[in-house]
Each structure stands twice: as C-alpha cells, then as structure tokens.
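The residues making up each chain are set out below.
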Amino acid sequence: MNQIPFGSLEEFLAMGGYAAYVWPVYIIALAVLVANLVIPFRTERRILRDIARRLRREQRGMQ
Amino acid sequence: MWVWFHKLGSPRHFYRISGRLLPWLTALAVGLLAVGLAWGLVFSPPDYQQGETVRIMYIHVPAAVMSMVVYAVMAAAGFVYLVWRIKLADLVAAASAPVGAWFTVLALVTGSLWGKPMWGTWWAWDARLTAELILLFLYLGYMALYNAIEDRRSAGRAAAVLALVGVVNLPIIHYSVEWWYTLHQGPTTRGMRIAGTVHPDMRYPLLTMMLAFGVYYAAVLLKRTRCLVLETERDSAWVRELVKTT
Amino acid sequence: MVSVVKRDLLLAVRHRSELVNPLLFFLIVVSLFPLSLEPDPRMLATIGGGVIWVAALLAGMLALDAMFRPDFEDGTLEQLVLSPQPVAALALAKVFAHWLVSGLPLMLMAPLLGVLMNLPGEAMLALLATLAVGTPVISLVGAIGVALTVGLRRSGVLLSLLVLPLYIPVLIFGAAAAGDAAAGQSIAGPVLFIGAMLVLALTLAPLAIGAALRISLE
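Chains as they are written, first to last, in this note's numbering: chain R, 2 to 64; chain H, 5 to 250; chain P, 878 to 1095.
Quick caveat, the hints were computed from the structure, so don't treat them as lab data.
Be careful, since some hints might not be right.
Unchecked claim - Here chain R is said to cover these stretches of chain H; the calculated rule only asks that three of the stretch's residues, wherever they fall, bring their Cβ under 8 angstroms from a Cβ of chain R:
id, region
1, 50-60
2, 76-86
3, 153-163
4, 228-234
Unchecked claim - With a straight-line cut-off of 20 angstroms between C-alpha atoms, the simulated SDA-like cross-links for lysine to any residue are:
id, chain 1, residue 1, chain 2, residue 2
5, H, K248, R, G62
6, H, K248, R, D51
7, H, K248, R, R57
8, H, K248, R, L56
9, H, K120, R, A15
10, H, K91, H, A241
11, H, K120, R, I29
12, H, K248, R, L14
13, H, K248, R, P25
14, H, K91, H, A222
15, H, K120, R, L14
16, H, K91, P, L959
17, H, K248, R, R50
18, H, K248, R, I29
Computed from a prediction, not measured in an experiment: that's the story for all the values here.
Even for Gly, the Cβ is constructed at its ideal location relative to N, Cα and C.
Extracted from the complex, chain R is given alone in its bound form:
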C-alpha cells in the first residue's frame, strides 16, 4: 500500500509548512463530526428520562 511520506514526527506535525491550515481543518472536522454524533445520543437519553419522569408523576397523581 502507501508508505508514510513523513520522515519524523516533527515533519508530520509541520505538514510541509502548511500546518496552520491542515491541522485546523482536521481538528474542526473532528469537532463537528464528534459533536453531531454525540449530541443526539444524549438528547435521546434526556427525552426518555423526561417521559419516564412525567409518567411517574402521572401515576403518583392518580394514586
């Protein structure tokens, strides 16, 4: 397959001088992708919790 075109970690981080452009791209992309995946997971759990809470309140109210 392909070889790693970077000789060292420093070279990798430097990105041929374009580090100021390449790294922000990947960092921003990662942030957006992770956030958009994680947030719905938490939202679903929150909604289920809210419904459960309301259900318990209703049942208590009926007793």
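On the provided structure of chain R, position chains H and P as indicated by the hints.
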C-alpha cells in the same frame, strides 16, 4: 407489499428497527472515519503542486458532496410527506437539515482554509465555494421557515415545498455560478479547481472518506429521527410501554 | 382569472401611495452607492448594472408583501383558494397583477437610475431587456416565498432569507448583460437564460404558490 410500505412509515416500527441497526451503523461509521482519516492524513502522498494541503481535500470534498446529498434527501423526504402524508418522512427531513447545514459549513470552512495557502485569501469567490455558500443560505432558510411556523404539520409541509423549490433551483444556481465564475477569470488562472484529477494513491482514501461521511450521516440521521419520533409520539401507548420497560 | 387581475389592479390604484415606496427605495438605494464610494464616472459605469439589479431585487422584495397579505387578512384569500377555479391559475393572475404595479414600474425607472450610474446607452438597453424578462421571474419566485410565509407575523426578514438565494441566478445574468453590452458583446446569452428561467417559473411557480397558499391557510 403495501403492508411493508405502511409499516415502514410507522414511527414505532422505525424506532424498533433503527434501534437494532444503530449500534452496527455507528461502529461502521466510526471505523470508516478512523481508517479514512488515518489514510488521508498519514498514509497518502502529498501533491506535487499543492504539497501537504492536499490532505484538506479528504475532508473538504466529502463534506461538500454530503452537503448536497443531504439536501436531496431532505427534498425527497419532503416530497414523500407532501404526497403521501407519511409523518416519518417529515421527521427524516427535519432531522436531516441541521446535519446538512453542518456539512455545508464544514465544506466552506475547509474550503477557505484550503484557499488561503493556494490563493492567498481567506475567501475566494470560486464557483464551487460560492455555490456552497448559497446552499448554506438554502439550508438556513429551510430551518428558519420550519421554526417560524407554529403548527408542526403546516411547518413540515411548508418547509417541504421550500426544499423542493430549492432542489429545482440547485442546478440552475450551480450553472449560473459556474458561468459567472468563468466570466470573471483573469488571465492568471488563479482559480484552479480545488479538486482536479485525482491521483490513484489519493483516490482510495478519498472514496473511503466519502463512504465514511455517508455512513456517518445515516447513523446521525437515524439517531436524530429517533429523538423526533420520541418527541412527537410521547403520549402514545407504545412510547409509554417503552419507557416503562427501560 | 381576468376578474382577479382587474380587482387587484383597482385595489392597487386605490392605494397608490404604497406603490411609490418601493420605487423611492429603488432610487435611494442606487444613490447610496456613489455616495459610499467615489463618484468616478468610469467606476460607476462598471458597477452600475450590478448595483441597479441588486437594488431592483431589494425593492421588488419590499413590494412582495402586498401580494397576498391584505387578502389573507380580510379572508378573500381563503375564498379564492376554495373557489372552483384552479388555485394555480388564480395565483398566476395575482402575480401578473402584482408585477404590473411593481416589477414593471421598476423596469421603467431603470433608465433614470442608469443615468445616475453613468451607464452607456448599450448597457442601459441591456439592463432594460434583462429587467423585462427578469422582473417577472422575481415576482413569480417571490410569490412562492410570500405564499409560504403569509400566515406569519412579521415575516419580512424571513421572506428575504428564503427568496434572495433563489434570485441569485437572475442577478448573475442580469448584471452580467449590462457589462457585456458595454463591452460591445451580444447579450443574447444572458437574456435567453433568464427567458428560460421565466418559462420554468411560469410553469412551476403557480403550482408551488398554490400548494403554499393551501398550507398557509390551514
């Protein structure tokens, strides 16, 4: 056959099926993204013209492609909702909009970061970037309209009409912007295409990333639609049963 | 259909003062450009086509609100939609009437503004040609936006957000034609393209407007 189609539109059925699919889909999305990112960032060669900045392509191009795919899905789902009144279609459209908008923002930001070293400016009125900017306006308008109308049903239907008008306009917009751009090209062709012919060593990581973004969208879409299903069906019997058993 | 056009025109004439506002806006906006930049005649001539087209778009947007809102508020719109005639045909009639009192006057005012922006004769003619085919597209596409938002309070800004991106193709070709003409080139391309958009809008927009009106009236 009709029974299956009808069941497909049932929110409860959707919730159950998506619940079983989602773990696999999410794992696949994360895996593909990891492979694609590693491949694009580490295991692929630099471009002889653009140097290491070509690695931006592995994010920019999939994001731009998905921004348009998601809009098409949104418009199609809206169409299904308008014609067949399947509520799930409306939820799919509503769930897709923010994701598509984020893809568009990502495409614009990465395009700008790619443009700066290539063209020397943070923003260049390149044909593709300009069309992408207009697409962002279309997404924002869609979401604004959806939020502005109080009745959920009317909001979904109005937004669906808007999405369809947008989808008809998209090719027109692309053509116009291309035409406008070539009109204003200077003799120094600074406006080189961001993604020209792709070297085979770059083609595979790019395809992997595009597939990864697609699977990712599917996973996020299912998850977001599940949330909308729960919200709109919270008073129904099956949701109450579901909550009791969890 | 003809009766709808006649009625709308009568109403418009009665509210003459409202018709003038978009035209004044048109004039003022164009005047802002030489004031904000330098009044160098050559530069003005270069940007003139674009500036006038942008101002026409914005002025046209201001005029859009009058299209369905008054009828919505007094219930006439509901009656029109419920009438036996196809909504699309009625929509087309209303848009035509609206264009007669908004788009057409804008077009007629353009030469005056061309003088302000120091446009050469050929560019002025090109501008008129593109406005002639373009303003109906503005009215038709704008009507879709109005129909979608007519039930909302204070929908003005939302309307602009929805509709301005859709205007961009018309703007591109309309403004480019003025530049082409000034450079001595034929404007057939841009005019034909806008013409094609007009044909598309004439066939599809009434359907969208009808659907949007029905949704807004629910």
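Hints versus structure:
1. Look at the region 50-60 of chain H against chain R: 6 of its residues bring a Cβ nearer than 8 angstroms to a Cβ of that chain, three or more, so the hint holds.
2. Residues of the region 76-86 of chain H with a Cβ under 8 angstroms from some Cβ of chain R number 0, which does not satisfy the need for three, so the listed coverage is violated.
3. Only residues whose beta carbon comes within less than 8 angstroms of a beta carbon in chain R count, and the region 153-163 of chain H has 0; fewer than three means the coverage is violated.
4. Counting residues of the region 228-234 of chain H whose CB lies closer than 8 angstroms to any CB of chain R gives 4, so the stated coverage by that chain holds, three being the minimum.
5. Of the pairs offered as hints, the one joining K248 (chain H) and G62 (chain R) holds, with about 17 angstroms between alpha carbons and a cut-off of 20 angstroms not exceeded.
6. Of the pairs offered as hints, the one joining K248 (chain H) and D51 (chain R) holds, with about 12 angstroms between alpha carbons and a cut-off of 20 angstroms not exceeded.
7. For the proposed pair K248 (chain H) and R57 (chain R), the alpha carbon gap of about 9 angstroms is at most 20 angstroms, so the pair holds.
8. Restraint check: the Cα-Cα separation between K248 (chain H) and L56 (chain R) comes to about 8 angstroms, which is no more than 20 angstroms; the hinted pair holds.
9. Using a Cα cut-off of 20 angstroms, the hinted pair K120 (chain H) and A15 (chain R) holds, with the two alpha carbons roughly 17 angstroms apart.
10. About 17 angstroms separates the Cα atoms of K91 (chain H) and A241 (chain H), which keeps this hinted pair within 20 angstroms; it holds.
11. About 16 angstroms separates the Cα atoms of K120 (chain H) and I29 (chain R), which keeps this hinted pair within 20 angstroms; it holds.
12. Our distance criterion of 20 angstroms between C-alpha atoms is broken by K248 (chain H) and L14 (chain R), whose separation comes to about 51 angstroms.
13. Restraint check: the Cα-Cα separation between K248 (chain H) and P25 (chain R) comes to about 45 angstroms, which exceeds 20 angstroms; the hinted pair is violated.
14. As the CA atoms of K91 (chain H) and A222 (chain H) are separated by approximately 19 angstroms, the hinted pair is consistent with the 20 angstroms bound.
15. With a CA separation close to 19 angstroms, the supplied pair K120 (chain H) and L14 (chain R) stays within the 20 angstroms bound.
16. A distance of roughly 26 angstroms separates the Cα atoms of K91 (chain H) and L959 (chain P); the hinted pair therefore is violated under the 20 angstroms criterion.
17. Restraint check for K248 (chain H) and R50 (chain R): the C-alpha separation of about 10 angstroms stays at or below 20 angstroms, so the hint holds.
18. A hinted pair counts as satisfied when its Cα atoms are at most 20 angstroms apart, and K248 (chain H) with I29 (chain R) does not qualify at roughly 40 angstroms.
When the structure is compared with the earlier hints, violations turn up for hints 2, 3, 12, 13, 16 and 18 and for no others.
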